[in-house]
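Participant: Sequence:
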Amino acid sequence: MTSVHGASQCTDCHTNPADKKQFTCISCHDHAQAVTDTGHAGVANYKYDSPSCLSCHPQGIAGTVSRPDHAMFFPIDTGTKHATTQCTDCHTTPGDKSQFTCISCHDHADAVTTPKHANVVGYKYDSPSCYRCHSNGMAAFDHSMLPKPPNCVGCHQAALAMATTSPASMHVANMFPATCESCHKSFTAWGPGTTMDHMTVGGTASKCETCHTGNLSKATTSPASMHVANKFPTACASCHTSFTAWGPQTPMQHTAVGGTKATCETCHMAEFTAGTTPFNHVAQKVSAAACNTCHTDFTTWNKFVHNNNCYNGNTLRGHQGATCAQCHTVATDYTKSSCTACHSNRGTNCND
Numbered sequence: 003m004t005s006v007h008g009a010s011q012c013t014d015c016h017t018n019p020a021d022k023k024q025f026t027c028i029s030c031h032d033h034a035q036a037v038t039d040t041g042h043a044g045v046a047n048y049k050y051d052s053p054s055c056l057s058c059h060p061q062g063i064a065g066t067v068s069r070p071d072h073a074m075f076f077p078i079d080t081g082t083k084h085a086t087t088q089c090t091d092c093h094t095t096p097g098d099k100s101q102f103t104c105i106s107c108h109d110h111a112d113a114v115t116t117p118k119h120a121n122v123v124g125y126k127y128d129s130p131s132c133y134r135c136h137s138n139g140m141a142a143f144d145h146s147m148l149p150k151p152p153n154c155v156g157c158h159q160a161a162l163a164m165a166t167t168s169p170a171s172m173h174v175a176n177m178f179p180a181t182c183e184s185c186h187k188s189f190t191a192w193g194p195g196t197t198m199d200h201m202t203v204g205g206t207a208s209k210c211e212t213c214h215t216g217n218l219s220k221a222t223t224s225p226a227s228m229h230v231a232n233k234f235p236t237a238c239a240s241c242h243t244s245f246t247a248w249g250p251q252t253p254m255q256h257t258a259v260g261g262t263k264a265t266c267e268t269c270h271m272a273e274f275t276a277g278t279t280p281f282n283h284v285a286q287k288v289s290a291a292a293c294n295t296c297h298t299d300f301t302t303w304n305k306f307v308h309n310n311n312c313y314n315g316n317t318l319r320g321h322q323g324a325t326c327a328q329c330h331t332v333a334t335d336y337t338k339s340s341c342t343a344c345h346s347n348r349g350t351n352c353n354d
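Residue numbers (the numbering used here): 3 to 354.
For the record, the hints were derived by calculation from the structure and aren't laboratory data. One or more hints might be untrue.
Derived BS3-like pairs (lysine-lysine); straight-line CA-CA distance at most 25 Å [claimed, not checked]:
| hint | residue 1 | residue 2 |
| --- | --- | --- |
| 1 | K233 | K209 |
| 2 | K209 | K287 |
| 3 | K187 | K209 |
| 4 | K99 | K118 |
| 5 | K99 | K126 |
| 6 | K220 | K187 |
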């Protein structure tokens, strides 16, 4: 056989006849440990033992590692970025493969590379420094080396500008702060699904509508929730005080839509139409635009001002137990009333 080990006998390497898995590369070679260790200085995972020898020299050739096997140090096999690289391209010192360069064949000028690594702890413009972060030959980055907190935008200014997937993700237009780590806790991806820390954009004082215009227009679950049609103000925080959900069941702050001057019927026409007991608004031909004439309380419809000279709604004047029908005897016309139903000695005017 013409290989380097063509004259070797089985027992030269397999010294244990009962177990061919056991072998030695040291017994017949003049590889004194003092010499071999020096020649492998800087080689990752090197050990002065036979399995270690075989892992780098499977073909039995000194100083030669196959491209697939070279992946334990650096990927140069077919399909990798360095597939066409020759040994001497990186290992420029003959006889010492522990010496290598990443700069000789790459267009990484110091003036370009160094500013891009301004925030990288321990960065140096030399090959060992390159290899420390880019041992797989890719432009990957070990973010754990960054100071706390990191200056993300120092490297990712372009990513900030490209965040335009939705109105809520438009970082530049929405004037999001450049303290990326406030929301982005992972170094593997920016999002989507990144939890928004609303405190970084002002908390309850933030302009919600800047990002959530879509949510505003989609609020159509019920007539009362139709924000656009009802001309609700865009001061979302007036009603929405939680950052976890918009609602439903968000308490309505009526002062935000005009208070006692609000056009109640815009949202509450259903309640107006259904109001038949004790007073049928539709049958009595009450104007739907006149809700706040009687109803001045935003917590319930049942409280109302009895706007009539005879019945004082503030003092009640002894009519606390009276029902509507006792005075308004014509069920279809509440504009007509009578005091004589109870006060037979009175005239048509209660004050007589």
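Participant: Evaluate each hint against the coordinates.
Facilitator: Each hint, compared with the structure:
For a cut-off of 25 Å, the pair hint linking K233 to K209 stands: about 17 Å separates their Cα positions. About 42 Å separates the Cα atoms of K209 and K287, which puts this hinted pair outside 25 Å; it is violated. Under the criterion of a C-alpha separation no larger than 25 Å, the hint pairing K187 with K209 is consistent with the structure, at around 24 Å. Straight-line distance between C-alpha atoms of K99 and K118 comes to about 29 Å, which puts the hinted pair past the 25 Å bound.
With a C-alpha separation of about 21 Å, the suggested pair K99 and K126 falls inside the 25 Å cut-off, and the hint holds. Proximity of K220 to K187 is assessed by CA-CA distance (about 30 Å); at most 25 Å being required, the pair is judged violated.
Hint compliance for this structure: hints 2, 4 and 6 are broken, all remaining hints hold.
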